[in-house]
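Undergrad: Each chain is listed here by its residues.
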Amino acid sequence: MIEQPNLKYVDDLAGDDVAFRQQFITILKEEFPKERETYIDHVENKRTKETAAIVHKLKHKFNILGMEEAYRLAVTYEKELLEGQITADAKFKMILDTIAGYIKNI
Amino acid sequence: MNCIVIDDEAMARAIITKLCGTVQDLDVIEEFDNAIDAIKFLNQRSVDVVYLDIHMPGFTGVDFVQTLKNPPKIVLTTSDTDFAIEAYEYECIVDYLVKPVTQERFEKSFQKVKNAIVQKPKVNGSESQETDLEGDLYINIDRRLIKLKFNEILVIEAKGDYIGVKTEKEEYRVHTTLKKIKEKLPEKLFLQIHRSFIINFTKIIDIEDNSVLIEKNVIPISRSNRPELMRRLNLL
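Taken in sequence, the protein lines are chains S and P.
Per the numbering used here, residue 21 is the first one in the first sequence, and the count goes up by one each step.
Per the numbering used here, residue 330 is the first one in the second sequence, and the count goes up by one each step.
These are calculated hints, taken from the structure and not from any lab test.
Quantities reported herein were computed from a predicted structural model and do not represent experimental measurements.
Warning: the hint list may mix true and false statements.
To be verified - Derived DSSO-like pairs (lysine-lysine); straight-line CA-CA distance at most 27 Å:
(1) P/K428 with S/K69
(2) S/K111 with P/K437
(3) S/K113 with P/K428
(4) P/K428 with S/K49
(5) P/K437 with S/K28
Excised from the complex, chain S in its bound form:
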């Protein structure tokens, strides 16, 4: 079962700052779908270097969303992409789908 994203880190940081929490969610809703699309475009066209760059960006979001296993997978995947290998595309896409579903409901 894929681990589920959460907003614990952001909630801890925000405290009573509702505006910050909302700002974070707005940015997440804006940035994530674009980055997901970019990932799919690069990986489907086998642009491994560019795919590695977008995986690097996305892994930061995994971390912020408390997805430690997904983060570790992304770290390995990024390295392999830099060596020209596309190894974990299916798993990575599943993680992206999970986050996309989560974002719709926050």
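Following the hints, complete the assembly by docking chain P onto the known chain S.
TA: Frame of chain S; chain P shown alone:
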């Protein structure tokens, strides 16, 4: 204290800006999504601290650090630790924060920044003077590198295509120019008082109209160098 935040991701900038707001005396005056715009900004005004992402497309954080001539204190922010060891080779880099940064870790980092900024004035203060006095210079004599302590050197004289370095015990003949050795000497201790002479300022015994006495050596003062010598004297 003021700072800027450089990160190509809006989310990361928002988080660092939020963290900056949790500590006292730190204002974020600008955010940048690329390093080049930040460099342009820093050419116009100075800041105390830069929170800098390493991995940015095109012009990276490392490029940024290497580009700045007089960099402010820099705290690196990154998603991984690959650059950590290399980072500390740069004197301006105070800390290395791995994302996601917790408030506790940020506070510790800010303390490091404050300490680094407080230590900065010492460079021109007593610590620097002590370093100058204790410093040394290696000269090449017959394929041997001989160490001379700065505070042992009395006078350096240009003699054609070599120089004479006079210490309290010996005189060394070195194939170099006065200009080259001058670049290696601490300005606080040494002063060129004639086109052919550099003296250790602290070794002066007395000064007559156009000459300086250092041990038993009478060194001429040129008219053009005299004002600087007089300016440096602690005259009563």
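Undergrad: With reference to the structure, classify each hint as holding or not holding.
TA: Do the hints match the structure? See the list:
Of the supplied pair hints, the one linking P/K428 and S/K69 holds, its CA atoms being roughly 22 Å apart against a limit of 27 Å. Of the supplied pair hints, the one linking S/K111 and P/K437 is violated, its CA atoms being roughly 37 Å apart against a limit of 27 Å. For the given pair, S/K113 sits about 22 Å from P/K428 by alpha-carbon distance, which is consistent with the 27 Å threshold. For the proposed pair P/K428 and S/K49, the alpha carbon gap of about 20 Å is at most 27 Å, so the pair holds.
For the hint linking P/K437 to S/K28, the alpha-carbon distance of about 21 Å falls within 27 Å, and the restraint holds.
When held up to the earlier numbered hints, the structure conflicts with hint 2 and nothing else.
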